[in-house]
Amino acid sequence: MLSSEVEDLAGKVRSKNQRGMARVLSMVENGHPLAPSILHSLYNPERSGLTIGVTGYPGAGKSTLTNRLIAYYRKHGCKVGVIAVDPSSPFSGGALLGDRLRMQDHASDPGVFIRSMGNRGHLGGLSGTTRDALEVFSAASYDPVLVETMGVGQAEVEIASLADITLLVLVPGLGDEVQTMKAGIMEIGDIIVLNKADRPGIEQLEMFVNASLDLIPDQISRPTVISCSALSGEGIEKLTDAIANCVSFGMGRRVIARRRTKLILRSIIREKGKELARKHVSDRYGSIEEAIESILEGKTTPYEIGEMLSGFLENKRENENECKRD
Amino acid sequence: MDRKIRVLIGKPGLDGHDRGAKYIARALRDAGMEVIYTGIRQTPEAIVNAAIQEDVDFVGLSLLSGAHNHLFPEVARLLNEKGGSDIILFGGGVIPEEDIPGLKKAGFKAIFTPGASSSEVVDFIEQEIQTR
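For the record, the sequence lines run as chains A and B. Each residue of the first sequence is one higher than the one before, starting from 1 at the first, in the working numbering. Each residue of the second sequence is one higher than the one before, starting from 1 at the first, in the working numbering.
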């Protein structure tokens with residue numbers, strides 16, 4: 001029964017049924033028990049869709065820029081997907097997801113699928129399930145898929161590992177030269193977009209950014225810098241040209257497939273490892289809270305629990321090897 | 001499973017007074033819900049499209065211009081047409097008492113008029129979600 005439900009839902013995604021796809025996205029987001037089977041059915045490492053990440057400070061104009069990019073790709077006949085991440089409240093868990101507000105031009109266009117996500121406590125500028133949601137968009141043949149991160153500060157660089165091309169959106173007037181010299185976010189853009197180019201301070205920002213890029217040892221991978229105004233649309237064609245150049249430059253299908261596979265596997269190992277370890281500690285001590293009590297009572301230490309976990313994984317592997325020998 | 005209640009708050013029609021809609025959006029956020037705020041001057045088509053794509057449990061419409069008797073039922077009709085008949089509708093704004101039965105008949109579970117507190121809306125949602 002279950003497998004037919006999985007196939008039914010996967011089929012709806014492939015046939016671009018919006019209601020079905022929206023349901024699957026919720027299941028993925030909520031960690032529904034069937035979600036892994038659906039993703040398994042949809043997964044294709046060599047999927048052709050391009051993923052464009054849009055990141056930058058809060059208020060830098062990411063949504064407005066995304067809106068412009070949607071218009072451009074729609075004009076060229078593409079079906080465009082958008083995943084827009086906004087922060088969830090650390091207190092109530094609720095979220096106000098307002099990125100659609102800037103994308104109203106496309107609100108009733110059936111060729112555009114926009115999905116808003118709360119980050120639900122995940123750090124890094126995305127939500128923990130953004131990557132899985134991306135697989136669903138690709139399986140429904142949305143190409144490109146634009147992934148807009150929440151407003152980020154200096155070190156939320158996860159988008160770079162998920163997108164094929166990352167746009168870093170900067171605006172004038174938010175800091176001095178030293179900001180462009182810091183490590184972290186300044187290093188992840190394939191294209192650096194200087195938005196609000198009609199504002200004072202744009203020449204200075206351009207100078208700082210270029211001076212900072214001059215110091216990159218490997219100038220072949222030097223990001224392109226584009227000034228534009230997402231609001232007026234000025235300079236957007238320059239940006240879409242730069243994206244197209246970026247795609248043709250060293251982005252073979254196999255290379256992308258390998259990179260994607262590596263990242264997806266890495267994140268699954270991390271998540272599953274966490275889950276397994278947590279469960280094992282809970283089983284052993286009754287609950288995580290009771291483990292904490294044991295530490296506070298001086299019966300054990302966090303390090304001893306860590307060693308116990310390593311031992312558990314080792315034993316498990318030995319048992320499996322023995323099973324194979326038998 | 002970590003399921004969040006998802007609510008779309010939208011303003012159909014030409015009325016640009018969004019203070020009430022934003023106030024409710026914020027209150028629902030603070031009650032732990034994920035609120036998709038689509039902004040002012042939306043067509044019924046745009047609101048329904050967003051509701052389907054965002055897979056929301058509720059759609060709340062706010063209107064102060066007097067066009068509710070036309071626009072609210074239109075959203076309900078399109079939502080049914082697009083296969084979203086299980087999405088629960090509610091509305092609010094300057095809506096005369098005598099219009100409420102008609103809107104309820106059109107599929108709106110609740111209409112909140114001026115003076116309603118945000119906790120009434122939260123309570124309504126938390127009760128209705130049990131029936132889904």
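Certain hints may be false.
Stated by the list, open to error - Think about it this way: if two alpha-carbon atoms lie no more than 25 Å apart in a straight line, the pair counts; the simulated SDA-like pairs of lysine to any residue are:
#1 K238/A to C78/A
#2 K75/A to R41/B
#3 K75/A to L34/A
#4 K16/A to N80/B
#5 K79/A to E81/B
#6 K82/B to V94/B
#7 K238/A to T301/A
#8 K272/A to K238/A
#9 K4/B to P36/A
#10 K82/B to G20/A
#11 K316/A to H280/A
#12 K4/B to L34/A
#13 K82/B to K279/A
#14 K16/A to L78/B
#15 K279/A to K4/B
#16 K109/B to A31/B
Stated by the list, open to error - Interface residues of chain B toward chain A, partial, derived using beta-carbon atoms under 7 Å:
#17 L14
#18 A27
#19 G32
#20 E34
#21 T38
#22 G39
#23 I40
#24 E45
#25 D55
#26 G102
Please keep in mind that the hints were generated in silico from the structure rather than gathered at the bench. The structure presented is a predicted model; accordingly, all values stated were derived computationally and were not measured. C-beta: ideal position from N, C-alpha, C; glycine also.
Comparing the hints with the structure gives:
A hinted pair counts as satisfied when its Cα atoms are at most 25 Å apart, and K238/A with C78/A qualifies at roughly 19 Å. Taking the CA atoms of K75/A and R41/B, the gap is near 24 Å; set against the 25 Å cutoff, the hint holds. Restraint check for K75/A and L34/A: the C-alpha separation of about 37 Å exceeds 25 Å, so the hint is violated. The suggested pairing of K16/A with N80/B holds, with an alpha-carbon distance near 19 Å, which does not exceed 25 Å.
Only pairs whose Cα atoms come within 25 Å are accepted, and K79/A paired with E81/B is accepted, the gap being roughly 23 Å. For the hint pairing K82/B with V94/B, the CA-to-CA distance comes to about 28 Å; that exceeds 25 Å, so the pair is violated. For the hint pairing K238/A with T301/A, the CA-to-CA distance comes to about 58 Å; that exceeds 25 Å, so the pair is violated. The hinted pair formed by K272/A and K238/A fails the criterion: a straight-line CA distance of about 43 Å is larger than 25 Å.
Among the hinted pairs, K4/B with P36/A is consistent with the structure: their alpha-carbon atoms are about 19 Å apart, no more than 25 Å. Annotation: proposed proximity of K82/B to G20/A holds, straight-line Cα distance about 11 Å (limit 25 Å). Restraint check for K316/A and H280/A: the C-alpha separation of about 12 Å stays at or below 25 Å, so the hint holds. The hinted pair formed by K4/B and L34/A meets the criterion: a straight-line CA distance of about 17 Å does not exceed 25 Å.
About 42 Å separates the Cα atoms of K82/B and K279/A, which puts this hinted pair outside 25 Å; it is violated. Between K16/A and L78/B the alpha-carbon distance is near 19 Å, which keeps this suggested pair within the 25 Å criterion. About 24 Å separates the Cα atoms of K279/A and K4/B, which keeps this hinted pair within 25 Å; it holds. Restraint check: the Cα-Cα separation between K109/B and A31/B comes to about 20 Å, which is no more than 25 Å; the hinted pair holds.
The closest approach between the C-beta of L14/B and any C-beta of chain A is roughly 14 Å, which is over the 7 Å cut-off, so the hint fails. Restraint check, A27/B versus chain A: the minimum CB separation of about 10 Å is more than 7 Å; hint violated. Hint on G32/B holds. Least Cβ distance to chain A is approximately 4 Å, under the 7 Å limit. The interface hint given for E34/B is met, as the beta carbon of that residue sits about 5 Å from the closest beta carbon of chain A, less than 7 Å.
Taking 7 Å as the C-beta contact cut-off toward chain A, the hint placing T38/B at the interface holds, the least distance being around 5 Å. At about 4 Å, the closest approach between the beta carbon of G39/B and any beta carbon in chain A falls short of 7 Å, and the interface hint on this residue holds. A hinted interface residue such as I40/B counts as satisfied when its beta carbon comes closer than 7 Å to some beta carbon of chain A; here the least separation is about 9 Å, so the hint is violated. Evaluation of the E45/B hint against chain A yields a held restraint, the C-beta minimum of about 4 Å falling below 7 Å.
The closest approach between the C-beta of D55/B and any C-beta of chain A is roughly 4 Å, which is under the 7 Å cut-off, so the hint is satisfied. The interface hint given for G102/B is broken, as the beta carbon of that residue sits about 26 Å from the closest beta carbon of chain A, more than 7 Å.
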